[in-house]
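*Asks:* The residues making up each chain are set out below.
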Amino acid sequence: MNSAAIQEQSATLATNAAKLAEEVEKLAQDASQLIDVQTAAATMDFLSLFTIFVLACFVGFYVVWSVTPALHSPLMAVTNAISSVIIVGGLLAAGPADMDFSKVMGFCAVTLASVNIFGGFIVTQRMLGMFKKKK
Amino acid sequence: MSAQLTGFAYLASSVLFIMALKGLSSPETARQGNRYGIIGMVIAIGTTLADPSVVSFELIIAGLVIGGAAGTIIAKKIEMTALPQLVAAFHSLVGLAAVFVGIGAFYNPEAYGIGTFGAINTGSIIELSLGLAIGAITFSGSIIAFAKLQGLMSGNPITFKFQHMLNAIIAACIVMLVITLVGGQTEGVFWSLAILSFAIGFLIIVPIGGADMPVVVSMLNSYSGWAAAGIGFTLSNPALIITGALVGSSGAILSYIMCKGMNRSIVNVLLGGFGGDTAAAGGASADTGDKNAKAGAAADAAFLMQNASKVIIVPGYGMAVAQAQHALREMCDILKAEGVEVAYAIHPVAGRMPGHMNVLLAEGNVPYDEVFELEEINHEFATADVAYVIGANDTTNPVAKTDPSSPIAGMPILDVEKAGTVLFVKRSLSPGYAGVDNPLFYSDNTLMLYGDAKKMTEEIVQALG
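Chains as they are written, first to last, in my numbering: chain A, 3 to 137; chain B, 6 to 470.
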């Protein structure tokens, strides 16, 4: 084998290696894109959340118009209680193992929302318990 | 718990919340509805606690126990007359909780999977700042509403020059800060946003008069919902978004109903300056000097009602203040035993919050099927022999129909003047909250019963017995 042939072979090898590297890079890109898509699916994109929001507004509109005016006070108390589902956010902030500022904020949120949840549902039950029919 | 199972659990709690509201369409289904609401909340909390990122439970349990105990005690002890203050106070807590969640998310975004400190995803930082701002406004606004309702501060509107301009400037600053925050997430900007939002909450509620508080409380109810929805977007949590939207629309509808009950626009209420200042009524009462109001005694009222075949009771906030609901029900029991037909007529803005009067009457053991809304009963005054107006005034004032320049012009009123005799239980002839003189006091078929609502009703009960 002469030196020219060796040179030629090494040149083809080098281009092959370069091609391979390109393909690996492409694969890696595809893989990372796949991960991106998966995380997006897990957290839901803004449009689906917004769709839920708008539809829920309509549900709320029709359900609340069907509430009898006599029960508007219990309605306010119970909506107040269920809006404290915001406690979910507090729980997530208070949940991690490490103690930090964010965890304290979470604790405060959980405490305040609990006042509302217990207070709201109990006062609603108290009010509703008073509504009696003619004997 | 798998992501899918979590999703289903949150969906279940959202559906239960919808059913809780649906239950309120009738007093018979309402109690069951409330139970659905409680189950929904337990599912939502349980699902979150099962989240793999929630690993430390000490603080959570402490918060639940402390908050739960406080809430339970307050809810068991509260007087039904103080219900509006209670609801305002509760709204402030939701608002503040939203603020805390917002701060927590800003400093530890990893816990919510929305990025890292200082580098939160653009969408999430917008949602987060909106949740924070609305929460802060709900908090400070509700504190003012609470103070006005509780009598800790004067119910008079507090107005000053350039008030609306100041509010507009602050609102513009808030929008600017949100935009700045998208560009660079510095703590300074974040806290400025929080502080300005607190400030505008105070400023938009102070000019609103004490008796406009029913609208304000409903509006803040709505805000607390939008705050929850804002945080729901940040957390990508459909349960929070759905609940927030339900509560938001509920509060908006209640505000609308209240405004319609006063024939005023929400803008008119929010701009404030209405009510609490009786000096404005000087012109209206000037021409009443030559009129005489007939005064009667408890015995006259007892005689009139005993011989009537139909009596309609018109309760107002004055009844609640005097705690006259029990005496009132006792009086009606005697009348019913004597074969008199008794019904109660409720104006949409009677009391200090939507539906307040119904709860107070229910507390006095008045059966709910004897209590009617304005549209249901208004045509019946013409066939009633006696209208017994106790602690109400503006809601019966015929000026609303006759004088287009009056502050209450166009407000739907209870047509008590069509009844055979109108009995007004009142301390004096002073005008009501709107500052408008009521010509009904001087009408031929009106008898004024001067005195405390409860004492007068008790005297009538004695006279009947």
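It should be emphasised that the hints constitute simulated quantities derived from the structure, not laboratory data.
From the three backbone atoms N, C-alpha and C, an ideal C-beta is built for every residue, glycine too.
It is possible that part of the hints are untrue.
[Said to hold, decoys possible] On the chain B side, residues computed to face chain A include the following (Cβ under 10 Å):
no., residue
1, 140
2, 207
3, 211
[To be verified] In silico DSBU-like pairs for lysine-lysine, Cα to Cα no more than 30 Å straight-line:
no., chain 1, residue 1, chain 2, residue 2
4, B, 299, B, 265
5, A, 135, B, 299
6, A, 134, B, 299
7, A, 134, B, 460
8, B, 341, A, 136
9, B, 460, B, 315
*Asks:* Now, for every hint given, state plainly whether the structure supports it.
*Replies:* Each hint tested on the structure:
Here the hint on residue 140 of chain B is kept, as its CB sits about 8 Å from the closest CB of chain A, short of 10 Å. This hint is violated: residue 207 of chain B has a C-beta 19 Å from the nearest C-beta of chain A, more than the 10 Å allowed. Given hint, residue 211 of chain B at the interface with chain A, is violated; its Cβ is 22 Å from that chain's nearest Cβ, farther than 10 Å. Simply put, residue 299 of chain B and residue 265 of chain B have alpha-carbon atoms about 33 Å apart, too far for the 30 Å limit, and the pair is violated.
For a cut-off of 30 Å, the pair hint linking residue 135 of chain A to residue 299 of chain B is broken: about 37 Å separates their Cα positions. Restraint check for residue 134 of chain A and residue 299 of chain B: the C-alpha separation of about 37 Å exceeds 30 Å, so the hint is violated. For the hint linking residue 134 of chain A to residue 460 of chain B, the alpha-carbon distance of about 26 Å falls within 30 Å, and the restraint holds. Taking the CA atoms of residue 341 of chain B and residue 136 of chain A, the gap is near 12 Å; set against the 30 Å cutoff, the hint holds.
A C-alpha spacing of about 23 Å is found between residue 460 of chain B and residue 315 of chain B, which places the hinted pair at or below 30 Å, so the restraint holds.
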